[in-house]
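The listed protein sequences correspond, in order, to chains B and P. Just add 148 to the spot in the first sequence (first one is 1) and you have the numbering used here. Just add 16 to the spot in the second sequence (first one is 1) and you have the numbering used here.
Accuracy of the hints is not assured; some may be wrong.
[Stated by the list, open to error] Between beta-carbon pairs, the in silico distance windows are: (1) P:Ser21 / B:Ala190: 31 to 41 Å; (2) B:Met243 / P:Gly23: 35 to 45 Å; (3) P:Arg181 / B:Pro242: 41 to 51 Å; (4) B:Ser172 / P:Thr19: 29 to 39 Å; (5) P:Pro78 / B:Arg179: 37 to 47 Å; (6) B:Ala249 / P:Ala180: 50 to 60 Å; (7) B:Ser220 / P:Thr19: 22 to 32 Å; (8) P:Gln134 / B:Ala239: 47 to 57 Å; (9) B:Ile261 / P:Thr81: 41 to 51 Å; (10) B:His244 / P:Asp24: 24 to 34 Å.
[What the hints assert, rightly or not] Here are some, though not all, of the chain B residues that point toward chain P, as calculated from beta-carbon distances under 10 Å: (11) Pro193; (12) Met238; (13) Asp282; (14) Ala285.
[What the hints assert, rightly or not] Negatives, chain P to chain B, calculated, CB over 10 Å: (15) Leu20; (16) Ala46; (17) Phe86; (18) Val93; (19) Asp100; (20) Lys104; (21) Asp133.
Simulated from the structure, these hints should not be mistaken for laboratory data. C-beta atoms are modelled at their ideal positions from N, C-alpha and C, and glycine is treated no differently.
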Amino acid sequence: MDCPTAQTNLSAYLRGDLPLDQRSALVAHLRGCRICLVSLAAVDPLASVLVQTETPPVPSGFETRVLAAARSRRSQVVAVAWSPLRWWRMASAPMHAAAAAVLVVGLAAGLAIGWAAQPAARQIAATPATAAVDPLAAYKLDYLNDAPDGSLAGTYLALLTSPNGEGQ
Amino acid sequence: MQTLSDGDLMPRVRDGDLFAFAQLVLRHQAEAWRVAYRFTGDAAEAEDLAQQAFLKVLDAAPRYTATAAFRTYLYQVVTRLCLDHRRKKRPMLMEVLPECATDAPTPGEEADAVERDQCIQSALAALPSDYRMAVVLRYFEGLSAAEMAVAMGRSVKAVERLLARARDALAPRLELFRGKMR
Numbered sequence: 149m150d151c152p153t154a155q156t157n158l159s160a161y162l163r164g165d166l167p168l169d170q171r172s173a174l175v176a177h178l179r180g181c182r183i184c185l186v187s188l189a190a191v192d193p194l195a196s197v198l199v200q201t202e203t204p205p206v207p208s209g210f211e212t213r214v215l216a217a218a219r220s221r222r223s224q225v226v227a228v229a230w231s232p233l234r235w236w237r238m239a240s241a242p243m244h245a246a247a248a249a250v251l252v253v254g255l256a257a258g259l260a261i262g263w264a265a266q267p268a269a270r271q272i273a274a275t276p277a278t279a280a281v282d283p284l285a286a287y288k289l290d291y292l293n294d295a296p297d298g299s300l301a302g303t304y305l306a307l308l309t310s311p312n313g314e315g316q
Numbered sequence: 017m018q019t020l021s022d023g024d025l026m027p028r029v030r031d032g033d034l035f036a037f038a039q040l041v042l043r044h045q046a047e048a049w050r051v052a053y054r055f056t057g058d059a060a061e062a063e064d065l066a067q068q069a070f071l072k073v074l075d076a077a078p079r080y081t082a083t084a085a086f087r088t089y090l091y092q093v094v095t096r097l098c099l100d101h102r103r104k105k106r107p108m109l110m111e112v113l114p115e116c117a118t119d120a121p122t123p124g125e126e127a128d129a130v131e132r133d134q135c136i137q138s139a140l141a142a143l144p145s146d147y148r149m150a151v152v153l154r155y156f157e158g159l160s161a162a163e164m165a166v167a168m169g170r171s172v173k174a175v176e177r178l179l180a181r182a183r184d185a186l187a188p189r190l191e192l193f194r195g196k197m198r
C-alpha cells in the first residue's frame, strides 16, 4: 500500500469500516511508515500506539486440539445424551410434521390390523368353550380312556379334564 | 474446488460434519486467539478460551441462525466467554506485570518493542473488563461500532461511550510511547 492510499483509508480504519484485507495492508504499511503513523497519531493517538504492537501467533497445533476436543464431545453426546425430548426440541418443523405423520399412520395401521384379526380371535376363543363340554369328545381323545394311571397319557388326560380348566 | 462460505459451512456443522467445523476453525482461529490473548494477556488462558469458543459454536450449531456474519458471531461468543471468565476469576496479581512509565534506555529496537508490548498489555490489564474488550475489538480487531455492539451485547451508543472512557483511561499510561514517536 502506498502513502496516499494509506492516508485515504485512515478514517475508515479508525471507524472500523475497512474490509479485512485492506485493513491488514494498512496496518503493515503503518508499521513501516513513520509519516503515515504520525498522521494517524494526529487523529487518534491511542491507535498510533496500539497499531505497532504484535500479537503472538496462534499456538502451534491449536486447531488439532480443538478438533480432538470436538470429536470427543460429539461421541459423548451421541453415546450418552440421546433423548426424544432433546431430539424434538432440536428438530425442524418439517421433521415434527414427518414424526407426527409416522405416528398417525402407525396408529391407523395398528387399528386396522386389530380389526381384521377380530373374527379369528373370536373363533379361537369359542373353541375351548366347546371343548369344555366334553374335551375328550371335542378333541377325539376317547382312546386315551384306556391309558393306565401314572402313564404319560393318563397324566395328560387328567390335566385335560380337571375341573379348574388348567387342561384347556 | 469451490470454497464454501462460512454461511454454507454452518448447516453442515449442524448436521455433524466435523470436516466443515475444521475449516471454520482454520479460518477463524486467529481472530478468536487474538481477542482472548489481548483480553487476558496470558497465552494458556487465551488458548483455553479460544478453544471453548469453538466448542460452543459446535454445540450451538443446531440453533444457529445466520443473522450476522459468522465472524461477528464468533466475536460475540469469544467476548462473552472472556467477560464471564474475568467475572469468575480472582483479581490478577499486578506485580507480575512490568511497570510502564520509565525512561530507562533499552538496548536496541527489539528490546524497545518488547518493552512497549509489555507495557501496553499491562495498561490494558489495568482497565475494567468491558473497557478492555472495547479497545481489543476496535483497535486490534478493527470492528465497527455496530459489530462491537453485537459482540458485546450492547447498543452502539453504549460501546462508543465505553471506547471514549477507555481512551481517557489509557492515555496517561501510554503517553510515553506517543512521546517517543514524535
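Hints violated by the structure (listed by number, smallest first): 2, 4, 13, 14, 16 and 21
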